[in-house]
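Given these sequences and hints, build the entire structure.
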Amino acid sequence: MQNSKTLFLCIFALNNLNLLKMNLSKPAILVLEDGRTFRGKSFGSEGETYGEMVFNTSMTGYQEILTDPSYAGQIVCMTYPLIGNYGTNEEDVESRRPWVEGFVVKEASRIASNWRAEETLDSYLKRHKIVGIEQIDTRALVRHIRDKGAMRAVISTTDLDEKSLLEKVNQSPEMQNRELASAVTIEKNYDYPAENKEKYHVVAYDFGVKTNSLREFAKFGCKVTVVTAETPAEKVLAMKPDGIFLSNGPGDPASMKSVVAEIKKLTNSNVPMFGICLGHQILGQVFGGTTYKLKFGHRGGNQPIKNLETGKVEITAHNHGFAVDAKSLPADVEITHINLNDETVAGLKHKKLPIFSVQYHPESAPGPHDSEYLFKNFIELMEKK
Amino acid sequence: MPKRTDIHKILIIGSGPIVIGQACEFDYSGTQACRALKQEGFEVVLVNSNPATIMTDPEIADRTYIEPLTVETVTAIIEKEKPDALLPTVGAQTALNLSVELYEKGVLDKNGVKLIGANINAIKVGEDRELFKKAMDEIGVPSAKGGFAHTWEEAQKIVQETGYPAIIRPAFTLGGTGGGTAFNPEEFEEIAKGGLAASPTSQILVEESILGWKEYELEVMRDLNDNVVIICSIENFDPMGVHTGDSITVAPAQTLSDMEYQRLRDMSIACIRKVGVETGGSNIQFAVNPENGDVRIIEMNPRVSRSSALASKATGFPIAKIAAKLAVGYTLDEIPNDITKKTPASFEPTIDYVVTKIPKWAFEKFPQAEDVLGTQMKSVGEVMAIGRTFKESLFKGLRSLEAVKPLRLVGVPDHVLQRKLARPNSQRFSYITYALRNGYSIDEVHRLTKIDVWFLEQLQEVMMLQNRIESRKLNDVPSEVLRTAKEFALSDRRLAFLTESTEDEVRERRKNLGVTPVYKRVDTCGAEFESHTPYLYSTYEEECEAEPTERKKIMILGSGPNRIGQGIEFDYCCCHASFALQDADFETIMVNCNPETVSTDYDTSDRLYFEPLTFEDVMNIVEKEQPNGVIVQFGGQTPLNLADRLHNAEVPIIGTSPDSIDLAEDRKRFSALLQDLRIPQPENGTATSAEEAKAIANKIGYPLVVRPSFVLGGRAMAIVYDEQSLDEYMRTAVDASPEKPILIDKFLERAVEIDVDALADETACVICGIQEHIEEAGIHSGDSSSVLPAQRILQEHLETIKHYTFNLAKALKVKGLMNLQLAIKDDRVYVIEVNPRASRTVPFVAKATGIPIAKIASLVMADVKTLAEFNLPEVLPVPKIFVKSPVFPFKKFAGVDPVLGPEMHSTGEVMGVGETFGEAYGKAMEGAGLNLPKAGTAFLSVNDSDKGQAVVLARRLNKLGFKLIATYGTATRLKEVGLDCETVFKVNEGRPNIADYIKRGEIALVINTPLGSISHYDEQAIRKAALQFNVPTVTTMTGAEALIEAITTKLNEEKVSVRSLQEIHDGKTLMVNG
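Protein sequence lines correspond, in order, to chains A and B.
Each residue of the first sequence is one higher than the last, beginning at 2 in my numbering.
Each residue of the second sequence is one higher than the last, beginning at 5 in my numbering.
If you are wondering where the hints come from, they were derived from the structure by calculation, not from laboratory data.
Just so it is clear, CB atoms sit at the ideal spot from N, CA and C, and this is done for glycine as well.
Honestly, I wouldn't trust all of these hints.
Chain A is nowhere near these chain B residues, computed Cβ spacing over 12 Å in every case [claimed, not checked]: (1) Val-233; (2) Asn-341; (3) Ser-535; (4) Pro-686.
Short, incomplete list of chain A residues facing chain B, as computed with Cβ under 7 Å [as the list claims (entries may be wrong)]: (5) Ile-112; (6) Ser-114; (7) Arg-140.
Here it is as structure tokens:
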């Protein structure tokens, strides 16, 4: 890591230049598929980008959000207006690169102020070719999405014509039925080593896994073998895992029939299995349930989840646009957690098999650490075996 | 978990009078708690000595005791009311300390009272630094190294652990005097030994220095099911070293990454669990090293606090209300979120705006105090502003402060500038912007102030924009730049200054260009869910969410930040206007920027605009809402100052007309009116220069009262006895000019002062209260104790006062409230001034008479009913004797002489009620924090004209069993009449002198009337010693007489009597409905 003081000085030198640029930055435009348009300023990379327009209500953690593979195919708007204040660094990444299609903020900080900062947000996005737009009424955008539902959008700094952009955005792919896990998964399996003594071996399906899940397993003494999304069940079982982990990831879970079929084979192995987010939605389908698209999803770090087994409430990080339909679940599956905001299914457990899953993100990053116990529960399941 | 069924009756202890550090945020919290518990079906018993609060309104609790917050009185209340439980966490540190005392004295156990909200152990761990540190060590949360020392040897041991620099803080010294920072062993020895000597308990705290670290606060809530949520994070603009009450603070935290924020969150949760706060809110403070992220936990308050009130206003999450519900057994997931209606309270609010709180200081009131900020809080009020960016919220906040005279710095020498930047002071912000505009880099300013570069960069952006505008004419400022300026919250006034145009021109131009604000809602959830509560703030963006209704509506302008002279009393009036008009089926719209108040609770009015009270901001709301009426006479001087301009802009101001307001405030017009009505007033004149002042003085004769026009709280008001002091006043205290003339009045020495509050309209005039001041003329009415009904005024004078009041109400066409100040001297009644608006004493009078006079005034103003239709008597009856007494902040300002005069210094007030004057006055004194001495030695030192009276008082003291001690002159006189009296040196006569006696704890009471300038030093030394050692001191003979009366009553009573307002007014409290 660079010496923070030196960094400050570099930023100061750039500071006046940045200020001059403040009003000179290029125009950018955001057009939604229903024609609603926002004109603002370009930040990050220039260009044109398409995706599903969603919003996230976390006030911190923009770098983790940018690099969360579950955002593949989406343009993310942060509801907190000031983004980039503490810059970016090499530590707070959740995967090998940012995955958002575009980034929307009210005001991007011109400088980075934090002892761990290595780069400003603007320069980080430029380096990773992520198109951003700032200085728009993000609250109006969020209210629009809330009322009308998540929809396709385009950000452009090259074509500023609303009509032409509207045409183009209506030709871009919809999130419904879109399979994206294969686009974000790794190309080759790899091992993530345990911290301290290795006690268990976990095989993790990478549908878009966040590094903090792997860090959590490592912390509890697990070696994790991360495998690609298409890995057949037999190959996984051949690795003789103590546990199988189904990661989070992007896209419509209903589009992943072949993966669901492979996972179904694994359920008979009696190997403990733990799913998060997309992993949870896949398990829901494995058990015979169905998933549906939420109006605008849950994305943020303040969602109240009630653990029906303990009666306690945990504050959790969410990032999902689909949910498991409670009514579709068979009798041998128990709902263990619900979201108190809208009573959607947030956690499942098989009554006989050592399998459970949650819709949210116990690995946090960003978000509260209230649900870390789920990793412990998984370790205990492996221990019992 | 459902609500507890084992308790039915709950006692709530309020926070008492407004003092620095405990202001009306505790009225806000307490009112919420009372209401929430009452709604849940509990019987609520409230005790609070502060009559100016909403919480002590008779309808808020079932039983309301306006009684002193002492163990004796609260014990009597507990014995009488037999509550099942005590909620100690909504009345600040006062309530916590009192609850611990009640517990330790066995009162709670004996009467079967359970503590709810926080248990004794949690309160103690939160309060005791050593226990807290130990608890934090056990859960691995780092706290600052250091500890308490009682001896130099102990201090030496501790400093080995802390290293240098080390911070030394002596316990219990005035304004924290005797402390400091030691950078080496030599300095340490000097400061530590000095601190041990200065502390009355020979105790110093030695700690590692974390000055300059970043400071954060988290507001945490926990329920009985062990669910814990963080309501809000706050980052201090001013780093460690400045009391958080004196810091600019910002919500949410701005410069922490998620990983770092979550670490503080985890520590907070661990802390609240370890300390053992079972239910409710706590405030936890952290310091973070900006170099490497090291964390130290500073403290935790197991109760609602100033910060929790701020966090509630900042997020829309009502912490005190929810805390009260948690205390009776509910869990967070069982309580709905008021704003979204559909989601539960078991979540963490997320906000999509920035909130900035800025303190307001009153150093101008304490010229002897050095303007430096440290660990002792000194601000008297605060403003909060909401914006979509930090720049917007900060500059809106600065505008909300109502700085009388913006500090426009020019040509500040570098060494001065650097000192002002490095040593925190009340004007540092102005010096920072000056430095940034004058070639200092952000880096240099950061080096000197340690303020995070992110904040400084934000300031710099605004400074650079101002520079771009400054060189242009208004019409040459491009539309886009003008819009950016408004996005940065530069006021029209500021833009007019920069472009050398007028505010009206700026307003017109930006409206022509379509640069107008929109209003957004505070909704706890970043717009994720629909908001059902119109809690609004302005911003310059696209979409407006105000959605004004078509109802008939009244807009009420609040009183802005608390300051000495304009505080909670005015907020009380504004709230009452809102309550009464809502009942009369109006939609009420509150505009205010003070986060401490009940008026800025989103529950108080139908619509809340959290906005500055400037012409620009108020007009914007008027244009959006189109109210049928606007009330300006309840919020003190702040809205009244806008009356003229609003009236000219055709805003429908209801109540007394702006012309009448002007008639009462314009000295010349008012004198002519009094002459017409044949009402005497002290001889007076208006001067625009020193020469004119001298001429007027020669005509009227000394002594004189001099003051600037249009001020509140007697700002820069003085009594001058000769030409020399008049000259000095004109030269140093004020800038007289034709726009701002100086008012000169004959000073009525030794006159009795009277305050009258009245209601009037064209159908009737009702005298609500004729209050007699205890202290004689010359002491600001806000600093004087007063009694209702008047005790010593002859019937004929009361008739005259009535007559004058009726005639003035008629002549001024008063519609609503009015306040008169009168004086009686040599059997003649004089009118000193008339204010056709709500006064500071409205809540006191309302509590004493049981008549909600502010509510009646609002209904009269809105033409709901005429005053005659209320069928009130000409003079409202008072069923008992009520005394109002002020409390002072002198202890917080080292070096200040605690003497009373025509400039107001008190921050708050208490009320005492009794069957006799002695009982009521005694209770008021105890409520104000004075222990009535019951035995011991009384010290007397009085001027010649008071010596006759001194003999009478000394005899009474002697009879009560007090020993007497006096300075030579007074002692001689007392001995002459045969009283046994010891003689003591004055301070300048040798040792041991009276100050030594006081410091040795040998004096129980000081009666010391001023002898003039010769003995000034002497008296000051006595007052300071008495202040430090908590010895009751009176400086007027009337005050001394009242105090002795109170002592006499106290010595004769067997048991303290307590009476609830509901009993006093016998349930006959008038209900006013439209």
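Tested hints:
| no. | hint | in the structure |
| --- | --- | --- |
| 1 | Val-233 | 6 Å, violated |
| 2 | Asn-341 | 9 Å, violated |
| 3 | Ser-535 | 10 Å, violated |
| 4 | Pro-686 | 57 Å, holds |
| 5 | Ile-112 | 5 Å, holds |
| 6 | Ser-114 | 4 Å, holds |
| 7 | Arg-140 | 5 Å, holds |
Hints 1, 2 and 3, counting from the list given before, are not met by this structure.
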